[in-house]
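Keeping their order, the protein sequence lines are chains A and B.
Here the first sequence is numbered in the numbering used here, starting from 15 and rising by one per residue.
Here the second sequence is numbered in the numbering used here, starting from -13 and rising by one per residue.
Treat each hint with caution, since some may be false.
[Unchecked claim] The calculated lysine-lysine pairs, modelled on DSSO-like cross-linking and capped at a C-alpha distance of 27 angstroms, are:
no., chain 1, residue 1, chain 2, residue 2
1, B, K109, A, K88
2, B, K266, A, K157
3, B, K109, A, K124
4, B, K109, A, K87
5, A, K245, A, K181
6, A, K205, A, K181
7, A, K148, A, K124
8, A, K237, A, K35
9, A, K124, A, K181
10, A, K92, A, K181
11, A, K87, B, K114
12, A, K92, B, K109
13, B, K109, A, K86
14, A, K181, A, K86
15, B, K109, B, K160
16, B, K22, B, K114
17, A, K74, A, K87
18, B, K2, B, K12
19, A, K245, A, K198
20, A, K74, A, K92
21, A, K245, A, K205
In case anyone wonders, no lab produced these hints; they're calculated from the structure.
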Amino acid sequence: MSLLQVNNLGKSYNSETQVLKDVNFTVETGEFVSVIGPSGAGKSTLLRCINRMVEINEGKVIFNNSDVGSLKKKDLRKLRTDIGMVFQHYNLVPRLTVIENVLHGRFGYKTTLQGVLGRFSEEEKEQAFFLLQKLGIEEHAYKRCDQLSGGQQQRVGICRALIQDPKLILCDEPIASLDPNSSKVIMDHLKSITNELGITCLVNLHQVEVAQGYSDRIIGLRKGEIVFDGKSALLREEQINHIYGTERRELITV
Amino acid sequence: MEILRGGAQPKQTYIKRTRTGRINIKAGNKVELVTKWTIAMLSVLTIMAFFFFDYTGLQLERAITETAYNLKTMFLEPTLSHFSWGEAFYQIGITVGLGILATVIGAIIALFLAFLAAENLSKPWISKTVRVVVAFIRAVPTVLWVLIFAIAAGLGSEAAVLGMLFHSIAYLVKAFSESFEEVDPGILDAMRATGSNWWHMVTHGVLPSTFTYLLSWTFLRFEINFGVAVAMGAAAGAGGIGFELFMASGFYFDLREVGFITYAILIIAIFLEIVSTQLKNRYFPAATKN
Ligand SMILES: Nc1ncnc2c1ncn2[C@@H]1O[C@H](COP(=O)(O)OP(=O)(O)OP(=O)(O)O)[C@@H](O)[C@H]1O
Ligand SMILES: [Mg+2]
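All chains should be modelled from the sequences, with the hints used to inform the complete structure.
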């Protein structure tokens, strides 16, 4: 059984436009998959359907043998602990320290009272420091998050996702707000997460070259439909043009 | 190519124009129109009001000179005659106490109601209901609430605190819930995605992000409540410095004492302002920076 199965997924926010149409794909454990496509193609929406941050309209998402669309509140929380999420704008609580933000990743395992009082076990705290060290930002552990650079904040975001002990990590344009150097650092970390920890990664990307360089497989989305799904090596100029249509211009070359 | 062809197609224009054909940059919706008309009507009414006042018996010259004389006695020759300094401090203490009581209890209750009223933390119908109720309570002035509670509790400090409390809650619910709605939705998204429940999001995402604002609003409300507590002392027999002010002016006609009490109130108000600013600067430097 695959880790993630998306069957005939359809999604619309309003009656006028269908954002996702009949999307089918599967992701195996340990894969590093990139989703590329022009702006507005529905990449973020696709990712958010997987952990049901938005409701699914048609079709099914099966994650780890459970039907995501039909989960009740409690089971949905449980499912979300298995799926980490990394955002373009990091989405940390800026007034809190790095370590506090990392520990937010454990709330999914807590009762209301434990969470409200901020009761974390020593193992959890040690794990948090271990992850910070692994991503090279241990020295900033007690700084407020708004004092960190974008690249550092994104690494905090990754720590927050990792401490959930997830099976899958969803990254919505993790490097879209970063400079090339920080981008490389972040992508390298994501890649090593998959290789060393065996955690599956599904990453939305804007940069085709980055997607080709890092992923095992690429999914091309255009106007809510999958128009390419295959090994990175198979993605040629022709397919890229098909994905981006005439919107892709040679204006910006990395 | 496509762009050029697009231009030649039959016009599907998104530009809005005024009647004279100039391009609009306001969205031109109903709300704006209503606002414009309301302001216009209010201006006209205000100007018209001056023509309808009853001016009989108004001797402007005498009124001005006498007021000036009274003000002079009040503010240049302040003294205490009907009670002592110690008594004055005690009465001021009572007034401040009334203000603190109403503000602190009000802030705590308002905090919980504000979670229900904030659109990003609550269900639409709950949030709407709380908002409507709160708007209604706020529309009635504090003094009226005190008088309403006086029917049940009798004139006195209980009615005053209840009335002030009622209005404070309504005021702070609006202020607090609007602060909550300013919280970056991304923060809530990220926490929800980790499997956090509502209480986790509120206590570790929303509160840390808005704490300084909540505190500022509470201080502001305390300043208002201090003023109201003075007035309630006079109007609702709630005791404190306001009552002494009422006695001095309405009962003994002692202008000098009125002057003294006014100064005392002024000094306390300034003192409170300084303390609140200091507190904010010391413990919550972010509030003044951001
Ligand atoms: N919450 C929402 N409510 C209504 N429409 C939405 C919402 N979120 C997205 N959409 C619409 O869905 C479509 C796809 O949006 P989505 O954010 O998934 O695109 P995307 O591929 O992630 O684009 P980008 O690369 O710019 O992030 C867009 O047309 C957008 O207007
Ligand atoms: Mg997006």
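Task: Structure versus earlier hints - violations, ascending order - done: Per hint list: zero violations.
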